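Chemist: The task is simple: from the sequences and hints, build the whole structure.
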Amino acid sequence: MDLTTFLIQCLNAFQYGLLLFLVASGLTLIFGIMGVINLAHGSFYMIGAYLAYALAPVVASAIGGGFFATLLVGVVLSVVFGYLLEWAFYSYLYERDHLQQVLMTYGLILVFEELRSLLVGDNVYSVEIPQVLAGSIPLSEVMTYPTYRLFVSAICLVLVGAMFWVFARTRLGMMIRAGASNREMVQSLGIDISFLYRVVFAAGFALAAFAGMVAAPVSTVYPGMGGEVLIICFVVVVIGGIGSIQGALVAALLIGFVDTFGKVLVPGAAGVMVYLAMALILLWKPDGLFKAG
Amino acid sequence: MDKSKGIFVALVFMALALYPFVGGGGYGIDIVTKIMIYAILALSLELLVGTTGLVCFGQAAFFGIGAYAAVLFSGEQGAASILWLLPASMLAAAVYALAVGALSLRTRGVYFIMVTLAFAQMAYFVVHDTPLGGGTDGIYLYFRPTLGEKLKFDEPLVMYLFSLGTLVFVFGFLTVLLNSRFGRALAGIRVNEQRMRGTGFTTYPYKLAAFVISGGLAGLGGALFAIKDGFVNPELMSWHLSGAALMMIILGGLGHLRGALIGAFAFLLLQEFFKAEAIFGEFAKHWHLGMGIVIIAAVAVLPRGLVGLPEVLRKRLAGSGGGESRIGGLKSAQGGAK
Amino acid sequence: MANDVLLRGKDITRRWGGLVAVNKVSIELERNCVHAVIGTNGAGKSTLINLLSGEIPLSDGSVELLGKDVTGWTQPKRARAGLGRSYQRNTIFPSFSVFENCRLAAQAKHQKGWAWWERADRCSVSTDSARDAAHRAGLDKLMDRTAGMISHGQKRQLEIAMCLATDPKVLLLDEPLAGMGAEETERMLAMLDELRPDHAILLVEHDMDAVFRVANQITVMVNGTVIARGDPDFIRNSPEVRVAYLGEGH
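Those protein sequences? They're chains B, R and X, same order as listed. Counting in my numbering, the first sequence runs from 1 upward without gaps. Counting in my numbering, the second sequence runs from 1001 upward without gaps. Counting in my numbering, the third sequence runs from 2001 upward without gaps.
Calculated from the structure, these hints are not laboratory results. These figures come from a predicted structure and were not determined experimentally. Hints are not guaranteed to be accurate.
Below 30 Å or equal to it, Euclidean Cα-Cα: the simulated DSS-like pairs (lysine-lysine) are [claimed, not checked]:
1) LYS285/B / LYS2077/X
2) LYS2109/X / LYS2155/X
3) LYS1207/R / LYS2024/X
4) LYS1207/R / LYS285/B
5) LYS2109/X / LYS2068/X
6) LYS2077/X / LYS1207/R
7) LYS1207/R / LYS2010/X
8) LYS2169/X / LYS1207/R
9) LYS2068/X / LYS1003/R
Modeler: Here you go:
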């Protein structure tokens, strides 16, 4: 592998890792704070991707369109939808046994997948890359790198920075951190716990949906994309340590690199690499890399 | 298990034995055979989840390894005898379970769920990506095995009755096992492992033994599945099947062997129902929607699964208390007699 | 009867990060002797029991059981060698019958051969010890009741019965009287008197009247260290103990 190829793969790995983090961060917080194993989290990502596809013509006819306008509308919609979903279903799950949560959220996956099939169909669709970002940046005389992928990495980085700022500097962030390490404590502090839950859930939903939206032009949108992301994100959450945002970031980047380079270096066993990495890490550290609390 | 429950299970098995002779058509026999095989898978998982409290999210790997072993051991030369083929397939799955269990039992809780998933995914990709398992296309079974001269497993009726026999055997075996000292120790581990250790039980060998037995039984189910279909592919090891097996036992009601049985039938019959074009016409291809809604409803009204249904009905008829408190009350009584 | 030492802890220390929960505590438990450990909440009493029983590993020090160094042994191995403990919170198996709770505990002693085909309740070795233990704890009449449904005091008795079913030589009892009424307390104290001749008993307890009545020896802990030790009269009259614990606390 020459240096330029290596660089390209690194960029790919980085971008993939950041996208995974956006999905996994919500998953880890929902588990850490509310104690809910949310199997439907992959569906949120899928919903985002399909929103990017389905909203584009609607937004275009309403306000003249544009990828970024679609993105904005999609984020607003998903925050609202996440908020409603928490109110309608998830708020009943907090006191339940983990396996009951698994059963209910599995039911939700089925419902979301079929609604998707009913509303949009089962075909594979592509989403257009916005004009401004459609080009490529030269890396050497023959190699180039698509601008859009760089954009994805950049916007993810901005979001990661914003998230860490919220956690470190705001009152909301303080409550979330406290909740992830010790749920009982937050309840005893007199914080409006159901509001905190609703905010975290809506944010988690929106982050996953946003990841789906920005990934859509690169990955295309297809049935089953939610399931793939779900399993990989669970791997990320568990490697990072449940409830730990830093852990999720490190683990997401790690998985991004293992997966990307696994496909290049050992194409025959690419699928195994991620799980092998996870098994090894958990045998070394049975509670993940960064245990919360 | 008290008397009425024992009678219930006996009646179910008798009804299954009579079914092919009283109006079960070819299609029905095929479906019920399939369900009975999945019920074996669900029972094997119940030993881990419901009895020992180990939530394994990779049960399909054992099922799949049993299935692949049955096909690979059969060879291309002629029909094998089922008398060695099934034990050999079970052994293959059990050996794999021994390796996976020895490692993954170092972790706990959600981490355990994910490690078992990770090992199952590895097995999936090994058959998916290597020539050993024929890749995504899978492999065919050249000759279905036989039992003596007469019984050939190409015949659906033979397959049906043999699957039923195996299911009854597995159910009986687990019933005896759970009432033994070993089974009681597993139940103790589920309730309070720390207390068991304080009392003097080294719990690891118990959990590992449960894991290996469970893997072997799932492998038995997988081998039957391969013989029935005459074909295996990597989907048998996918996390979707592991998930479905979990859904079956949760839906049926954890902590009860008959829950696994009821859950497998309910889950798969519901699937058949929502898939039926005669009822739903065009809409039948969206059968997942119906399944999803039923599952969500089941969580809402049946926190103990279907085995808790008679109790819920009894209380509702008696008309005591409000809905939520009643469900809460049932939950605290969970994990009673087997 | 000779008062031989059955359990000996030497310089037992447990650190959590920078915090020292138990600091160089040495303790000897003799047969025919109830040794009470008292102290304010957070003094490290329960941690001491956890360390002696092997539930959490020592940071420093050693534990000797019946003359053998068991510092490196796991908790189950120590338990099988004759070290029984009860828990502060009820840790009975609520869905099992009272008898089955005792039987399961008794089974720990005889684990060889799982005999999976034999019904557990027909296994005479474990059922006999279970009946015996339940009898000694005064639970004969409750054998078939579901353990989760009996009264709080009965649950504490069952906790002790499960301990006895494993036929221990040393008993570490973590607040066996917690939440008990006067009558139940009397019953429990009588039981301790009965057990005393054959066992070495460590008793962690907050009920001071009970402690001064039943204990032969008392150790007072404050902030993870031992500040006084002696017979009940000595402790009652010790000015240090009054200042550190008994005086202000009551």
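Chemist: Against this structure, judge whether each hint is valid.
Modeler: How the hints compare with the structure:
| no. | hint | verdict |
| --- | --- | --- |
| 1 | LYS285/B / LYS2077/X | 25 Å, holds |
| 2 | LYS2109/X / LYS2155/X | 22 Å, holds |
| 3 | LYS1207/R / LYS2024/X | 36 Å, violated |
| 4 | LYS1207/R / LYS285/B | 20 Å, holds |
| 5 | LYS2109/X / LYS2068/X | 19 Å, holds |
| 6 | LYS2077/X / LYS1207/R | 17 Å, holds |
| 7 | LYS1207/R / LYS2010/X | 34 Å, violated |
| 8 | LYS2169/X / LYS1207/R | 28 Å, holds |
| 9 | LYS2068/X / LYS1003/R | 50 Å, violated |
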